[in-house]
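Novice: Next come the chains, spelled out residue by residue.
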Amino acid sequence: MTTDVTMRPRLELLQPDAVDRVVGEALQLLVEPGVKVASQDAADLLAGAGAQLAGSTVRIPERVVRDALATVPRTFDDREGHAAVRYGAGAVHFDPGSCGVKVLDPETLDRRPSTADDLVRIVKVAEMLPAYAAQSPAVICSDVPAEIGDLYRLFLVLLHSNKPVVTGSFQASGTKAMIGLLAVDAGGPEALASRPRAVFDVCPSPPLSWTEFGASNLIDLARARVPAEIVSMPLAGGAAPVTLVGSIVQHAAECLSGIAIHQLAEPGAPIVWGGAPAILDMRTGSTPMGAVETAMLNAGCAQVGRSLGLPTHGYLGGSDAKIVDAQSGLETGIAAVIGVLAGIDLVSGAGMLDLLLCQSAEKLVIDAEVIGMAQRLGRGVEASGSTLALSTFAELVGGDFLGLDETRRLFRREQFLPSPVIDRQSDEAWRQAGGLDTFARARQRAAQLVDDYRVPTIDPAVRSDLVERVRGLAEDVGLATLPGT
Amino acid sequence: MADGLFEAMRRSVEEGDVAAAEATARTAVDEGLDPLEAIESGYVPGLSCVGEGFASGELYLPDMVLAAKAMKAAMSVLEPEMKRRGATRSVVGKVVLGTVKGDIHEIGKNLVGTMLSASGFEVHDLGVDVPLDRFADVAGEVGADIVGVSALLTTTMTNQRAVIDTLTSRGLRPTVKVIVGGAPVTQAWADEIGADGYSEDAVGAVTLARRLVGA
Ligand code: B12
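Chains U and C, in that order, give the protein sequences.
92 is the number that the numbering used here gives to position 92 of the first sequence; each next residue is one higher, with no gaps.
5 is the number that the numbering used here gives to position 5 of the second sequence; each next residue is one higher, with no gaps.
Heads up, a few of these hints could be off.
To be verified - No farther apart than 25 angstroms at their CA atoms in a straight line, the calculated lysine-lysine pairs in the DSS-like style are these:
(1) Lys72(C) x Lys83(C)
(2) Lys94(C) x Lys36(U)
(3) Lys69(C) x Lys83(C)
(4) Lys176(U) x Lys101(C)
Simulated from the structure, these hints should not be mistaken for laboratory data.
Predicted, not measured: the structure shown is a model, and the values here were computed from it.
The task is simple: from the sequences and hints, build the whole structure.
Specialist: Listed below in structure tokens is the structure:
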């Protein structure tokens with residue numbers, strides 16, 4: 001007889017009845033004070049389903065939200081293959097934080113405006129690290145005109161990666177062009193709808209409001225059946241209640257209103273219960289991504305989404321430190337552990353420094369170790385044999401555990417095997433290897449990964465179609481050569 | 001007698017007690033106290049005290065924001081009385097502030113506004129997603145010394161330049177100084193678009209604004 005002893009640690013911040021109360025109060029907020037919806041199309045969709053309009057305020061009755069929830073897909077895959085993000089499967093996936101405006105120069109430690117080449121370097125590093133299930137348009141390309149910035153970042157990711165992409169747009173024209181690129185990449189709009197490779201972040205504005213762009217973005221994505229991820233960002237104490245639970249309620253209300261708009265536009269279109277909730281720092285007014293309360297908010301918000309049977313997303317793994325130092329390590333470590341224990345399907349944010357403003361390939365390398373450790377914790381304690389330890393001792397000769405078959409068979413599963421970025425050598429060996437600190441070791445490893453990286457094989461016809469489309473759009477805004485290609 | 005009232009005024013601001021700030025202001029009006037004296041000897045010391053507490057790290061943003069709110073509440077009671085008496089309180093300067101068209105990030109802009117008002121500036125906050133012309137419209141109407149333009153997106157930063165251009169074409173420059181800010185904004189960008197100043201935080205924005213109005 002085999003006893004399956006699996007003890008998976010889980011973090012559930014809210015009691016089951018508290019989750020129900022969160023949803024209950026969120027539904028009440030949708031009626032009173034209601035939600036501001038600046039998009040006429042979205043307001044019309046809601047009104048058509050029975051919501052009341054008063055100026056730009058929409059009061060959404062519970063029934064409309066419940067009907068919308070009944071039509072959402074419960075799970076979906078982003079892309080087939082081993083690197084795919086499988087929502088709702090109980091696994092936690094990580095991807096780099098997106099849209100940094102700076103990179104940390106690994107040599108000078110300057111935080112300088114990021115360029116297309118910086119984006120490509122980060123994508124290469126993330127591509128090589130299995131800790132990242134997906135990519136993101138990690139930084140802005142300051143050498144590309146802002147008008148085509150969002151689609152250009154996606155374009156570079158598609159050219160350099162096989163992984164799914166967590167992306168987003170800054171303007172309505174961007175969304176359309178990006179869906180176009182993804183359709184080329186997938187082999188046509190139908191292929192894209194049946195096997196979407198990207199998910200788009202869409203942000204409501206806290207508190208309880210949808211801009212024209214945000215709401216129409218939801219509608220466009222739903223109609224193209226490209227996954228949308230509602231990234232609600234209650235800022236506890238600044239743009240949301242100061243209590244964590246109050247902010248979790250606001251997050252739920254914002255997500256539920258977004259789901260209603262999205263599902264009314266296209267019932268059954270793929271949607272993710274996402275977010276980047278954070279506290280407001282009461283000294284600087286900044287939005288710390290590395291605060292423990294920020295991680296708690298992410299855990300609580302995801303728990304509510306999971307209770308509704310939805311795929312979940314959060315924003316953790318960024319640090320507020322300016323360089324890759326002790327603060328960056330401890331904040332990322334705590335947050336990754338909480339993200340994994342909370343069972344959030346997809347966690348964005350790795351590699352980020354400086355309150356989501358600065359990306360670092362070297363931090364991505366270190367964060368991959370943090371993620372490996374957190375994932376190991378998430379798997380918990382496992383035993384699948386008929387005994388827990390008795391059979392091991394039956395095999396044992398002397399004290400030779402290292403020489404046991406079982407040891408060789410299981411050590412790779414029992415232990416997370418870190419890269420040399422994590423130092424476990426003797427003092428002497430460490431000194432002889434140059435006496436490098438974590439950042440210096442990460443710098444070496446990032447350089448190695450970039451060297452080892454191979455460009456994915458893309459169907460030449462697809463590649464040239466992508467390039468031609470972007471070249472056309474680039475010429476319209478006066479960009480003659482395509483940096484990063 | 002007035003000393004006790006001044007003390008209560010100071011405390012109302014320090015404790016961020018809007019009701020008490022209004023009540024003490026009303027008492028001052030009822031008792032015929034000079035509103036300018038009530039401000040200078042009553043409420044301003046309270047605000048300075050909170051400002052110092054904030055600077056030394058003892059007090060936090062909510063203390064500051066509520067103090068500014070209490071101060072504002074007192075002012076709105078005292079202002080009609082000042083008008084009646086023909087008295088005007090000298091403001092350090094008038095600032096028109098907003099987040100540019102296409103951008104709805106407001107927290108940083110609000111902080112800058114709070115700190116400027118707490119430092120004696122008259123702030124006209126236009127909100128977020130502000131149409132480009134509106135900065136110049138309001139600057140002209142109120143006779144602004146400074147226009148402050150916030151942008152948090154690389155796509156909307158270019159609108160900061162457009163705001164400067166409209167001010168120029170309306171002939172409002174150089175009497176109106178322009179200051180810019182927001183996470184992706186840098187001194188280099190401010191120089192490039194011909195802004196008069198840039199600051200990376202709210203405290204710096206106050207120093208900058210004071211310098212530009214020669215205070
Ligand atoms: C909170 C936030 C939001 C909230 C805003 C809520 C609100 N009511 O304001 C929401 C969720 C709505 C949001 C939406 C979006 N956001 Co946003 N957001 C942020 C975040 C995390 C914090 C901003 C903030 O409030 N900081 C705290 C305040 C105190 O700091 P601050 O704004 O910088 O202000 C200080 C200084 O800059 C200065 N200052 C500011 N203004 C002024 C003005 C003057 C005159 C002066 C002198 C000084 C000054 O003083 C302030 C006080 O110290 C930033 C990341 C960041 N660190 O900036 C991203 C960030 C700015 N957002 C980003 C993005 C991409 C978006 C979206 C496009 C996402 C999407 N795909 O939909 C949308 C755009 C919406 C729109 N059209 O504007 C990117 C921008 C990247 C880029 N290249 O431009 C950032 C950098 C995050 C990231 N890496 O992805 N966001």
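Novice: Does each hint hold? Answer for all of them.
Specialist: Here is what the structure says about each hint:
1. Lys72(C) x Lys83(C): 16 angstroms, holds
2. Lys94(C) x Lys36(U): 31 angstroms, violated
3. Lys69(C) x Lys83(C): Answer holds: lysine 69(C) to lysine 83(C) is near 21 angstroms, not above 25 angstroms.
4. Lys176(U) x Lys101(C): 21 angstroms, holds
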